[in-house]
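Asker: Residue numbers (the working numbering), protein chains in the order written: chain A, 1 to 469; chain B, 470 to 857.
What the hints contain is simulated information worked out from the structure, not anything from laboratory work.
Glycine is no exception: its CB is placed at the ideal position from the N, C-alpha and C atoms.
One or more hints might be untrue.
Across the chosen pairs, the derived CB separations fall in these ranges [as the list claims (entries may be wrong)]:
no.: 1; chain 1: A; residue 1: I114; chain 2: B; residue 2: Q519; range: 47 to 53 Å
no.: 2; chain 1: B; residue 1: I479; chain 2: A; residue 2: H166; range: 34 to 40 Å
no.: 3; chain 1: A; residue 1: E258; chain 2: B; residue 2: I479; range: 37 to 43 Å
no.: 4; chain 1: B; residue 1: K750; chain 2: A; residue 2: I114; range: 55 to 61 Å
no.: 5; chain 1: B; residue 1: K505; chain 2: A; residue 2: S85; range: 48 to 54 Å
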Amino acid sequence: MLFSSVSFLFVFLPLLSAIIFLSPKKLHNLELLLASIIFYAFGEPRFLPIIFAVILISYIGALLISKFTKFKTILLCLTLISNLSFLFYFKYFDFFISIVNDITGSNIALNKIILPLGISFYTFQAISYVVDVYRNEVKVQKNLYKFSLYVCLFPQLIAGPIVKYHDIAESLEKRDITFENISLGIKRFIIGLAKKMLLANTLGAVADSVFSQSPNAVSAGISWLGAVAYTLQIFYDFSGYSDMAIGLGMIFGFRFKENFNYPYISNSVSEFWRRWHISLATWFKEYLYIPLGGSKNGNLKTIRNLGIVFLLTGLWHGASWNFILWGGVNGFFIILEKLLNIKEISAKYTKLWHRFLMHGYCLFVVIIGWVLFYNTNFINAFAHIKNMLFLVPAENITATYTLPYYLETEEILAFLVAILCSMPLFKNILYIQNSWAKIGINIWLLLLYALSVMEIAAGTYNPFIYFRF
Amino acid sequence: MKKNILIDTIFLLIFFVSLILPITRISQEKVAKNEKRFLNTYVPLYDSVQKKINFNYGIDFENYLKDRFWGRAELVKTNKMLKYHLSRRYVKFGELVLDKKKKIMYEHLIAGRTNKNNESYIINGLKAFNEFCTKNNIKFYPVIMPRKESVYPPDLVINNKNKEIKESVRYVSNQSGVKIIFTLDEILAQKAKIPYMLYHKTDHHATMDGAYIGYKTLMKVLKKDFPQIKIIPPEDFDYSENKKVNTDGGKNYKNGETCFLSGIPELCCENFLDINYRYVKYKNADKLQIKGTYNEKIIRGDYFYPQGADLRVMIFGDSFTPNLLKFLPFSFKNIRYIRLNGPKAIKREERFRILKYYETEILEFRPDIIITYHFYSTYPKLRDIATP
Chain A
1 MLFSSVSFLF VFLPLLSAII FLSPKKLHNL ELLLASIIFY AFGEPRFLPI IFAVILISYI
61 GALLISKFTK FKTILLCLTL ISNLSFLFYF KYFDFFISIV NDITGSNIAL NKIILPLGIS
121 FYTFQAISYV VDVYRNEVKV QKNLYKFSLY VCLFPQLIAG PIVKYHDIAE SLEKRDITFE
181 NISLGIKRFI IGLAKKMLLA NTLGAVADSV FSQSPNAVSA GISWLGAVAY TLQIFYDFSG
241 YSDMAIGLGM IFGFRFKENF NYPYISNSVS EFWRRWHISL ATWFKEYLYI PLGGSKNGNL
301 KTIRNLGIVF LLTGLWHGAS WNFILWGGVN GFFIILEKLL NIKEISAKYT KLWHRFLMHG
361 YCLFVVIIGW VLFYNTNFIN AFAHIKNMLF LVPAENITAT YTLPYYLETE EILAFLVAIL
421 CSMPLFKNIL YIQNSWAKIG INIWLLLLYA LSVMEIAAGT YNPFIYFRF
Chain B
470 MKKNILIDTI FLLIFFVSLI LPITRISQEK VAKNEKRFLN TYVPLYDSVQ KKINFNYGID
530 FENYLKDRFW GRAELVKTNK MLKYHLSRRY VKFGELVLDK KKKIMYEHLI AGRTNKNNES
590 YIINGLKAFN EFCTKNNIKF YPVIMPRKES VYPPDLVINN KNKEIKESVR YVSNQSGVKI
650 IFTLDEILAQ KAKIPYMLYH KTDHHATMDG AYIGYKTLMK VLKKDFPQIK IIPPEDFDYS
710 ENKKVNTDGG KNYKNGETCF LSGIPELCCE NFLDINYRYV KYKNADKLQI KGTYNEKIIR
770 GDYFYPQGAD LRVMIFGDSF TPNLLKFLPF SFKNIRYIRL NGPKAIKREE RFRILKYYET
830 EILEFRPDII ITYHFYSTYP KLRDIATP
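Produce the complete structure using the sequences and hints provided.
Answerer: Laid out in structure tokens, this is it:
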């Protein structure tokens with residue numbers, strides 16, 4: 001089930017809200033757990049055993065780690081291996097086989113394994129809990145169903161944010177559902193839905209219309225248009241989903257940490273990664289980078305550690321070389337910035353044009369990175385990048401479409417709004433207390449909701465144009 | 470503070486009511502008329518007949534609710550109207566594009582060259598079918614009418630791929646040894662000379678003028694092998710004009726299929742139907758006899774015209790063929806027309822399997838000529854004509 005689906009909006013959410021708001025507090029955890037299982041099973045019932053297995057392994061593993069401290073390292077390793085083996089099999093096994101085939105020239109058949117929804121998120125979430133128990137940073141949760149609720153709580157189950165157990169441990173035991181939180185949560189949810197339906201989808205269509213063509217059918221300008229469209233699409237898609245997750249969490253009494261902090265205002269790639277998918281970056285920092293030694297053991301080891309982290313960050317996003325390359329490119333620039341001591345440079349050069357240059361550099365790297373992220377075909381990706389760098393002579397390009405094909409009023413508006421909202425201009429808009437402003441904002445939010453629902457409805461309109469025969 | 474609570478209370482009330490409203494009434498219609506498809510039906514969680522759980526229940530329920538929630542049609546229409554008014558010139562509904570300035574609608578923007586694999590299958594299909602025809606003393610003529618986008622390219626398109634399309638057809642013709650009659654060049658040549666549209670603005674079909682060019686191009690080729698054939702000249706027809714669309718030869722003039730599929734016909738059709746199309750009637754049509762099977766349109770028909778050439782013709786076609794049949798029957802004594810996308814009993818993906826479903830009929834009818842007549846969108850389907 002997706003948050004933008006009609007089943008979720010018109011059935012699941014109102015029904016669950018009614019049940020939770022009208023039932024006694026002591027039943028809330030159980031109700032949420034059942035609802036989360038139904039939420040997941042709605043689209044993927046056959047993969048329920050996987051998530052249950054991850055829950056059980058992590059629960060038992062943490063219990064044993066806290067009880068048998070003498071063997072806790074071995075127990076931790078066993079738990080991690082077990083959890084990661086699910087992730088490896090479902091997400092990376094076919095990729096691994098294809099690498100073996102490429103290297104050895106063999107022809108081992110791929111299993112065409114279907115990826116269970118959210119496995120990357122809930123596996124990492126479960127691992128973070130077990131490691132935190134190992135480190136004595138959290139108390140072990142002895143109640144299986146509360147722990148299950150932590151892992152499969154539906155707002156963050158399929159697309160994050162990756163929630164640390166520590167952040168909601170208290171809420172699992174005791175939380176209040178207040179009018180203020182419901183109100184803020186709904187508003188946050190609507191903003192997330194609008195980001196997804198009105199901005200991400202519109203800009204995604206522009207990106208697809210550019211990248212679906214052969215690179216020599218688009219000019220440099222159009223390649224840039226596609227790249228910028230995708231840069232904005234992926235942000236609004238992902239942050240929109242995070243907003244919806246955070247909003248839904250608030251409605252039911254949970255406070256999740258922010259997952260995005262206006263990443264496109266960054267002045268360095270390092271800063272970008274402090275603002276982009278914060279929960280994932282934090283996870284890799286706390287559970288991989290720091291255990292590897294972080295930046296404490298000299299430059300060479302720092303480079304190694306950063307390289308490993310970013311290659312794996314890329315790999316986490318998808319079992320394909322383009323994701324690894326994307327991770328590697330980001331890692332390269334972060335290493336470079338670390339070696340050049342970008343923090344000192346930023347502190348030293350503060351004039352507007354310095355900031356402008358640094359911001360431009362950051363955006364350039366990020367946008368090029370997204371082109372790699374988008375295209376699983378390297379040849380296409382590099383051809384588009386070559387185009388973007390104006391390295392393709394104009395006579396080699398036979399454009400198929402004019403500019404209005406990509407940009408009509410709707411797309412231009414989406415670009416403008418997306419660029420504006422990528423800056424923290426409206427950061428605290430939901431917290432304004434002036435009554436008249438509040439009325440205006442609420443009307444605006446209801447309008448956004450109506451427009452989003454219209455887009456959802458329009459997506460259900462499916463005339464038989466294509467089967468002309 | 471109290472005021473703010475009241476403001477938010479009203480906000481939340483409106484929001485939750487709007488969440489619940491769509492499921493207060495579920496449409497029980499079977500068909501979405503303006504989408505030309507069946508609406509998804511409810512599939513229960515437990516199949517009591519097969520006694521098993523439906524593990525696709527979530528997907529089935531979503532599909533069912535998506536098609537039937539209350540207010541869906543109004544929301545879709547409002548969304549489309551907003552997009553229509555917001556757009557400066559081009560309104561895009563998926564692949565469907567409306568050009569508000571030139572007042573023309575397109576269901577797709579371009580038709581590219583079919584890929585190499587497809588071409589080899591088409592070559593094999595044509596070869597095999599031609600062998601069957603040759604073995605049975607039948608002459609085979611495949612005719613392809615171009616898509617509207619090839620004749621009236623949208624201004625959005627710089628390279629409409631006509632060159633690639635022609636190359637593909639030429640290549641397939643050469644490799645298969647079967648001459649495909651692709652009417653694009655003739656239609657483009659006549660476009661400037663005829664003061665009427667050759668394709669409808671709000672429909673994907675050719676007009677009568679466009680169809681006549683198709684007819685004449687075909688007849689010129691046939692005449693080389695059958696000199697006794699007479700090509701009916703334009704002067705032998707009576708003409709009438711109408712702003713609306715009639716491509717099936719019936720009595721009804723409509724807004725056009727593309728307009729219908731846009732979902733906002735009331736908003737834009739009057740604007741787009743701003744020119745006249747020509748419609749024809751043969752002056753000596755009174756001697757024509759038709760024995761047809763109807764299903765809103767003729768899906769198969771025997772045409773008898775005593776003054777036509779003494780040849781038996783079988784023509785297999787699609788929705789482009791009825792316009793051709795305004796001209797073709799007057800050139801031959803007996804034509805049997807079979808519409809390939811007519812019979813519902815044949816699965817959609819098999820409808821072009823002419824030999825599979827009609828071989829016996831062909832052998833019984835014993836035509837001198839077999840014509841396939843359809844438009845470029847279904848050109849790849851030629852791969853199936855000899856498939857058993």
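Asker: Give a verdict on every hint.
Answerer: Each hint, compared with the structure:
no. : hint                         : result
1   : A:I114 to B:Q519: 47 to 53 Å : violated (24 Å)
2   : B:I479 to A:H166: 34 to 40 Å : holds (38 Å)
3   : A:E258 to B:I479: 37 to 43 Å : violated (28 Å)
4   : B:K750 to A:I114: 55 to 61 Å : holds (59 Å)
5   : B:K505 to A:S85: 48 to 54 Å  : holds (49 Å)
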